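Q: In case you want the letters, here they are:
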Amino acid sequence: MQQGDEDKKRSLGGELIIPVAAIVFTLYYFTTIVDSPWTAQVSAFFVGAVLIALSAAFVIRCAVEVRSGKADLGLGDLFSRADITSGRLTLLGVTLGYILFIEWAGFTITTFVFLFVGMLALNRGRGPGLIAVLAAVMAFGGYLLFILAFDTRFPRGPFETFMKAVLGDGI
Amino acid sequence: MESNLDLFGPLFLHTLSFWWVIVPTIFLGLIVGAIPGFSAANTIIILLPLTLVMEVEVGLVFMVALYCSSRMGAGIPAILVNIPGTAGAAATPLDGYPMARAGRGQQALAMSFVASTLGGLLTTIVALVSMPVLAEVGYYMHSVEMIVVMLFGISLIASIAARDTLKGLIAGFFGLMIGAIGTDVVYATPRGTFGFLELYDGVPLIPALVGLFAVSEAFIIIEKDSILTERGRESMRSTSWAATFEGIAIAFKHWWHIVWTSLIGLVIGVIPGAGASIASFVAYQQSRTYSKTPELYGTGHPAGLIAPESANNGVTSGTLVPLLVIGIPGGATAAIMLIVMQYHGIDFGPSLFQERPEIGYGMFMAMAVTYFFMILTILPLSRYMSRVTMVRTVYLAPLIISFTLVGAFVPREYMFDMYIGLAFGIIGYIARKTGYHVAAILIGVILGPLLETYFLRALKKSEGDIMTLFSSNLGNVLWVMLAISLLTPVYLDRRRRKAAAAAEKT
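In the order they appear, the protein sequences are chains A and B. Heads up, the first sequence is in my numbering, so the first residue is 1 and it goes up one at a time. Heads up, the second sequence is in my numbering, so the first residue is 172 and it goes up one at a time.
Simulated from the structure, these hints should not be mistaken for laboratory data. Since we're looking at a predicted model, the values are computed, not measured. Nothing false has been slipped in among the hints.
DEER-style ranges, computed between Cβ atoms:
| id | chain 1 | residue 1 | chain 2 | residue 2 | range |
| --- | --- | --- | --- | --- | --- |
| 1 | B | Ala506 | A | Ser11 | 41 to 51 Å |
| 2 | A | Leu145 | B | Leu653 | 38 to 48 Å |
| 3 | B | Arg667 | A | Arg61 | 17 to 27 Å |
| 4 | B | Arg665 | A | Phe46 | 27 to 37 Å |
Built from N, CA and C at the ideal position, the CB exists for glycine as well.
Based on the sequences and whatever the hints tell you, model everything.
A: Structure below.
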């Protein structure tokens, strides 16, 4: 019975992240406008004051629930071991790498590497051949559609420069 | 400026002769609408040199067709993978995605397409015949009235997150605060920018949209092998053309719903700056408020999908009204149309409809013809596009991240915007995992700068008197309507509970 009651407890730690972040950001925002003209302050003070009041009300509500034993301050399933086993953390790392490298490696090469590594990590290393083909098709397809056909302003790198020289159409 | 009905027949046939522009543009629009970062406005900007050298009529038909079809395209990823192609489709996944997860993606797409095309077609016709009256709406909307309209949008946040109104409000106001990042409109004082020059212009909307919806969703869906539920997977395996026809039939059954929610979109679209995102949420909220089964909303209810899709297509017709009648664009795409028309030396106002009816009325006719052709795309698109939901998440998630994050880069060409997309992705992930609605944050980000602009304008005009917010008759009527829209769901909910309690007793 007691175990059952324990299971029913809500974990409020995770739910507090957004309100606490909102309060911290609002206070930081206020520090940047404290010496500004009233036109820069009025709307932000209005919105910020309401946001702090709402967040404070939520924090108080959580405190009451924790105190009454209906909830605890655990993070629930926000961060868990599954983040590592599911490949979520790896995907986050690869995503960061994607943004870091796309500037100089260009869209096509970086997308191919990102898709290959990302899919392989999520698929726990299985089917590298299929994933390599899929990543190549998607990256090259993206190049054909967005850069060659629509001339979209995607980041360009060695591959795009090479193709530009080969095609010679000044893309 | 009276509508010349004798003109419409020949003009419709004349516009049909532009099928060779309209048909390929529909497919282009569906693609650019479906990919976050590739809105109709961005695509028209990219193709602006081409549009300028086209004959003016062809150029305008092209822009109008792209505008309409991209609006419908934005609903496709919103339904299938919970990622709206544009902010205007942010309310679409509320009921569209649960349908897709249950293996009813094909039906949902068919419903969405019917609602979009019929809603768009109907509002185009209404706009065409009632343009002089509709144009008046724009004249009466001053800063005070606009503040109330904005607050209308914010109040919806509470009702969207009906399970916990407080969390809904926190998410919305957090979004408003994030939307206030950037320099102030009068003295250009930087505020809340963390020292980043790239944030001086405010938080860019596309990276916010991409992060909150696409990136966060990609990190969530990898928990399971498929976005479909077990039942949904079985249902998708046995799906056939019948599902598409069933979706169409369901949409037609809700014809009255399409009519009134698309008219909400039309009226909101006429108000410059209000836009499709507000219209779709207003329509969703109103639809739920007056529904006999409000508890089904959010679980894959057809009316919850039809309402926002009809409304955001109604906005498309509405934004053209102030553009053509008074030369004030109702949105970004309409603003680009204005530039193209000015480039060709076309004057706006009543004279446009007398001297160049093929342009004035022709733009609405192009819209009607586009929707007419779009109806023909419903069958094959819904049948095959819904297959996306069958793709395993190990392949889908990296694809979503790469193609949407790079889309965040496109509008401003700042590498920084990709980082913003990732940051919003993390915020969105935490929000989704802890029960805060990402759509509420996004609405806040959209409305933040607008609310501040109108707030300042109203205060400046009144020399700082806050009571100016209650100084206009129309504004006061809107305040009352706002209060009614907030209180009605509470009242109806109480009445239903009482009725249920009474039924239990007997």
